[in-house]
Amino acid sequence: MREQIQELIRQYQNNLYAVAFSICKNSEDAEDVVQETFIQYYTTKNEFENEQHIRAWLIRVAINKAKNVNHSFWRKHKVPLEEYMETLTFETPESRNLFETVMKLPEKYRTAIHLFYYEDYAVKEIAGILKISESNVKARLSRGRKLLGQSLKEEWDDDE
Amino acid sequence: MTNKEKYKEAFSVLHASRDISLEVENMANKKRKYKMNLAVAAAAACIIIGGSATAYAADVGGIQKIFSAWIRGEKIEVSMKDNGDENGYTFSYNTDGTEVTWGGGGVSLDADGNEEKLSAQDIMDEYSDMPQVDTDDAGRVWIYLQEQSADITDLFDEKGICRVAVSHGNVTHYVKITREKDGSYPYESSTDVPKEGKELYTPIN
Numbered sequence: 001m002r003e004q005i006q007e008l009i010r011q012y013q014n015n016l017y018a019v020a021f022s023i024c025k026n027s028e029d030a031e032d033v034v035q036e037t038f039i040q041y042y043t044t045k046n047e048f049e050n051e052q053h054i055r056a057w058l059i060r061v062a063i064n065k066a067k068n069v070n071h072s073f074w075r076k077h078k079v080p081l082e083e084y085m086e087t088l089t090f091e092t093p094e095s096r097n098l099f100e101t102v103m104k105l106p107e108k109y110r111t112a113i114h115l116f117y118y119e120d121y122a123v124k125e126i127a128g129i130l131k132i133s134e135s136n137v138k139a140r141l142s143r144g145r146k147l148l149g150q151s152l153k154e155e156w157d158d159d160e
Numbered sequence: 161m162t163n164k165e166k167y168k169e170a171f172s173v174l175h176a177s178r179d180i181s182l183e184v185e186n187m188a189n190k191k192r193k194y195k196m197n198l199a200v201a202a203a204a205a206c207i208i209i210g211g212s213a214t215a216y217a218a219d220v221g222g223i224q225k226i227f228s229a230w231i232r233g234e235k236i237e238v239s240m241k242d243n244g245d246e247n248g249y250t251f252s253y254n255t256d257g258t259e260v261t262w263g264g265g266g267v268s269l270d271a272d273g274n275e276e277k278l279s280a281q282d283i284m285d286e287y288s289d290m291p292q293v294d295t296d297d298a299g300r301v302w303i304y305l306q307e308q309s310a311d312i313t314d315l316f317d318e319k320g321i322c323r324v325a326v327s328h329g330n331v332t333h334y335v336k337i338t339r340e341k342d343g344s345y346p347y348e349s350s351t352d353v354p355k356e357g358k359e360l361y362t363p364i365n
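Residue numbers (the working numbering), protein chains in the order written: chain B, 1 to 160; chain Z, 161 to 365.
Just to be clear, a hint being listed does not mean it is correct.
[What the hints assert, rightly or not] In silico BS3-like cross-links for lysine-lysine, where the CA-CA straight-line distance does not exceed 30 angstroms:
#1 K45(B) x K124(B)
#2 K277(Z) x K225(Z)
#3 K124(B) x K67(B)
#4 K153(B) x K336(Z)
#5 K67(B) x K166(Z)
#6 K131(B) x K277(Z)
#7 K277(Z) x K108(B)
#8 K124(B) x K108(B)
#9 K45(B) x K277(Z)
#10 K336(Z) x K131(B)
#11 K138(B) x K164(Z)
#12 K131(B) x K108(B)
#13 K168(Z) x K146(B)
#14 K341(Z) x K153(B)
#15 K153(B) x K358(Z)
#16 K358(Z) x K45(B)
#17 K168(Z) x K67(B)
#18 K336(Z) x K277(Z)
#19 K104(B) x K164(Z)
#20 K138(B) x K355(Z)
#21 K277(Z) x K67(B)
#22 K131(B) x K104(B)
#23 K124(B) x K166(Z)
#24 K124(B) x K146(B)
#25 K45(B) x K104(B)
#26 K108(B) x K67(B)
#27 K355(Z) x K341(Z)
#28 K131(B) x K168(Z)
#29 K336(Z) x K45(B)
#30 K104(B) x K25(B)
#31 K355(Z) x K104(B)
#32 K166(Z) x K104(B)
#33 K108(B) x K341(Z)
#34 K108(B) x K164(Z)
#35 K168(Z) x K108(B)
#36 K336(Z) x K25(B)
[To be verified] Listed next, with one range per pair, are the computed distances between beta-carbon atoms:
#37 P93(B) x T351(Z): 53 to 61 angstroms
#38 K355(Z) x S135(B): 50 to 58 angstroms
#39 T162(Z) x I5(B): 46 to 54 angstroms
#40 E28(B) x I226(Z): 34 to 42 angstroms
Derived from the structure by calculation, the hints contain no laboratory data. Idealized CB from N, CA, C, for every residue including glycine.
Construct the complete structure from the given sequences, taking the supplied hints into account.
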């Protein structure tokens, strides 16, 4: 199946932006990643089984592209995260603290944490998207949660 | 609130500010060539990283290889050094005793968006098969496609734009060249029939 590109953009633009930002830590790079990801969907000949397949594919491509941006020698945009955060309006100081703490996690923990807590993916699905084993996902989630708990203390429940 | 709710609230501040919906289809048509015709990627990379690549060659060195390529209408032996960085090579050739050196490189994307470094052979092959625009010592503007060459100086309109269609074999390249105030002639080339109409493009054969 193939979805209309405009409909996909409407549905997933912000999700892809959030996952890309969580890796790039930069607004312009994240927006470039979102655009490139939709362009890749537009030009790919892949056939998709269902909407969930499309969503997972888009997220995987966005993650890979964002990683490529991070590892690129010729990285274009270098606006500091702190500067960008001044433009964001958080609901509460705790939200800001959580956001900041997540962004300080190592990239591999951050990505797994984001897919679990923001995208509601299960361990098995995260393993499929990141092309790593389920035990590896569990380890990354566990270490990420531990680091969040250590920094956020009572603001982060020990619920998973 | 659960951790998930807290997390979602915190990250709900992130919104793409750019309206990409209009950009994607336009870009996709251009990027289609990026994937199907590596020349676009290679040529763009040549322009972008040209300045810094030679410095890398001096520092890093690398294995030197010789390729045969069409440059400005002539078959020329081009030597290549792998810069050892992510995507770059340094190409050079000798013309009339002058060493011409430039940097180039590019990537292709697989189905999952992973980038793969193009080989130097890929880049030179595609560069060879692409139209090239350059000026001569008298300031005349020429277009080249493999062994073909044509003076297109008089084909620029009053806005400084020249549109030509050049063919090799069964492939026609639609090339739009712009005369910039600084004396440069940037150009776009595509094998897709242009949306503005191919009748605007003067055939060169």
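Status of the hints after comparison with the structure:
1. Under the criterion of a C-alpha separation no larger than 30 angstroms, the hint pairing K45(B) with K124(B) is consistent with the structure, at around 26 angstroms.
2. Between the alpha carbons of K277(Z) and K225(Z) the distance comes to roughly 17 angstroms, so the proposed pair stays at or under 30 angstroms and holds.
3. Pair hint K124(B) plus K67(B) holds up; C-alpha atoms about 21 angstroms apart against a cutoff of 30 angstroms.
4. Restraint check: the Cα-Cα separation between K153(B) and K336(Z) comes to about 61 angstroms, which exceeds 30 angstroms; the hinted pair is violated.
5. The suggested pairing of K67(B) with K166(Z) holds, with an alpha-carbon distance near 26 angstroms, which does not exceed 30 angstroms.
6. Restraint check for K131(B) and K277(Z): satisfied, since their Cα atoms lie roughly 21 angstroms apart, inside the 30 angstroms limit.
7. Between K277(Z) and K108(B), the direct Cα distance comes to roughly 24 angstroms. Compliance with the 30 angstroms bound is thereby established for this hinted pair.
8. Taken as a hint, the K124(B) and K108(B) pair is honoured in the structure, with Cα atoms around 16 angstroms apart against an allowance of 30 angstroms.
9. For the given pair, K45(B) sits about 22 angstroms from K277(Z) by alpha-carbon distance, which is consistent with the 30 angstroms threshold.
10. Distance hint between K336(Z) and K131(B) is unfulfilled; the C-alpha atoms sit about 43 angstroms from each other, more than 30 angstroms.
11. Restraint check for K138(B) and K164(Z): the C-alpha separation of about 16 angstroms stays at or below 30 angstroms, so the hint holds.
12. The straight-line distance between the Cα atoms of K131(B) and K108(B) is roughly 12 angstroms, inside the 30 angstroms bound, and the hint therefore holds.
13. Annotation: proposed proximity of K168(Z) to K146(B) holds, straight-line Cα distance about 19 angstroms (limit 30 angstroms).
14. Between K341(Z) and K153(B), the direct Cα distance comes to roughly 61 angstroms. Violation of the 30 angstroms bound is thereby established for this hinted pair.
15. Only pairs whose Cα atoms come within 30 angstroms are accepted, and K153(B) paired with K358(Z) is rejected, the gap being roughly 66 angstroms.
16. At roughly 27 angstroms between alpha-carbon atoms, K358(Z) and K45(B) fall within 30 angstroms of each other, so this suggested pair holds.
17. For the given pair, K168(Z) sits about 22 angstroms from K67(B) by alpha-carbon distance, which is consistent with the 30 angstroms threshold.
18. Of the pairs offered as hints, the one joining K336(Z) and K277(Z) holds, with about 28 angstroms between alpha carbons and a cut-off of 30 angstroms not exceeded.
19. Between K104(B) and K164(Z), the direct Cα distance comes to roughly 18 angstroms. Compliance with the 30 angstroms bound is thereby established for this hinted pair.
20. A hinted pair counts as satisfied when its Cα atoms are at most 30 angstroms apart, and K138(B) with K355(Z) does not qualify at roughly 51 angstroms.
21. For the hint pairing K277(Z) with K67(B), the CA-to-CA distance comes to about 15 angstroms; that is within 30 angstroms, so the pair holds.
22. Straight-line distance between C-alpha atoms of K131(B) and K104(B) comes to about 23 angstroms, which keeps the hinted pair within the 30 angstroms bound.
23. Restraint check: the Cα-Cα separation between K124(B) and K166(Z) comes to about 23 angstroms, which is no more than 30 angstroms; the hinted pair holds.
24. The hinted pair formed by K124(B) and K146(B) meets the criterion: a straight-line CA distance of about 20 angstroms does not exceed 30 angstroms.
25. Under the criterion of a C-alpha separation no larger than 30 angstroms, the hint pairing K45(B) with K104(B) is inconsistent with the structure, at around 37 angstroms.
26. The suggested pairing of K108(B) with K67(B) holds, with an alpha-carbon distance near 10 angstroms, which does not exceed 30 angstroms.
27. Note on K355(Z) and K341(Z): the hinted pairing holds, with a Cα-Cα distance of about 26 angstroms set against a maximum of 30 angstroms.
28. Restraint check for K131(B) and K168(Z): the C-alpha separation of about 24 angstroms stays at or below 30 angstroms, so the hint holds.
29. For the hint pairing K336(Z) with K45(B), the CA-to-CA distance comes to about 29 angstroms; that is within 30 angstroms, so the pair holds.
30. Taking the CA atoms of K104(B) and K25(B), the gap is about 10 angstroms. The hint holds against a cut of 30 angstroms.
31. Proposed proximity of K355(Z) and K104(B) is contradicted: the alpha carbons are some 47 angstroms apart, above 30 angstroms.
32. A threshold of 30 angstroms between alpha carbons decides the hint, and for K166(Z) with K104(B) the separation of about 17 angstroms falls inside it, so the pair holds.
33. Restraint check for K108(B) and K341(Z): not satisfied, since their Cα atoms lie roughly 48 angstroms apart, outside the 30 angstroms limit.
34. Under the criterion of a C-alpha separation no larger than 30 angstroms, the hint pairing K108(B) with K164(Z) is consistent with the structure, at around 19 angstroms.
35. Taking the CA atoms of K168(Z) and K108(B), the gap is near 19 angstroms; set against the 30 angstroms cutoff, the hint holds.
36. For the given pair, K336(Z) sits about 38 angstroms from K25(B) by alpha-carbon distance, which is inconsistent with the 30 angstroms threshold.
37. In this structure, P93(B) and T351(Z) meet the distance hint of 53 to 61 angstroms, their C-beta atoms being roughly 56 angstroms apart.
38. A hinted range of 50 to 58 angstroms holds for the C-beta pair K355(Z) and S135(B), which are about 52 angstroms apart.
39. Judged by the Cβ atoms, the range 46 to 54 angstroms given for T162(Z) and I5(B) is violated: they are separated by roughly 34 angstroms.
40. Take E28(B) and I226(Z): their Cβ atoms lie about 40 angstroms apart, and the range 34 to 42 angstroms holds.
The structure is inconsistent with the numbered hints 4, 10, 14, 15, 20, 25, 31, 33, 36, 39, although it conforms to all the rest.
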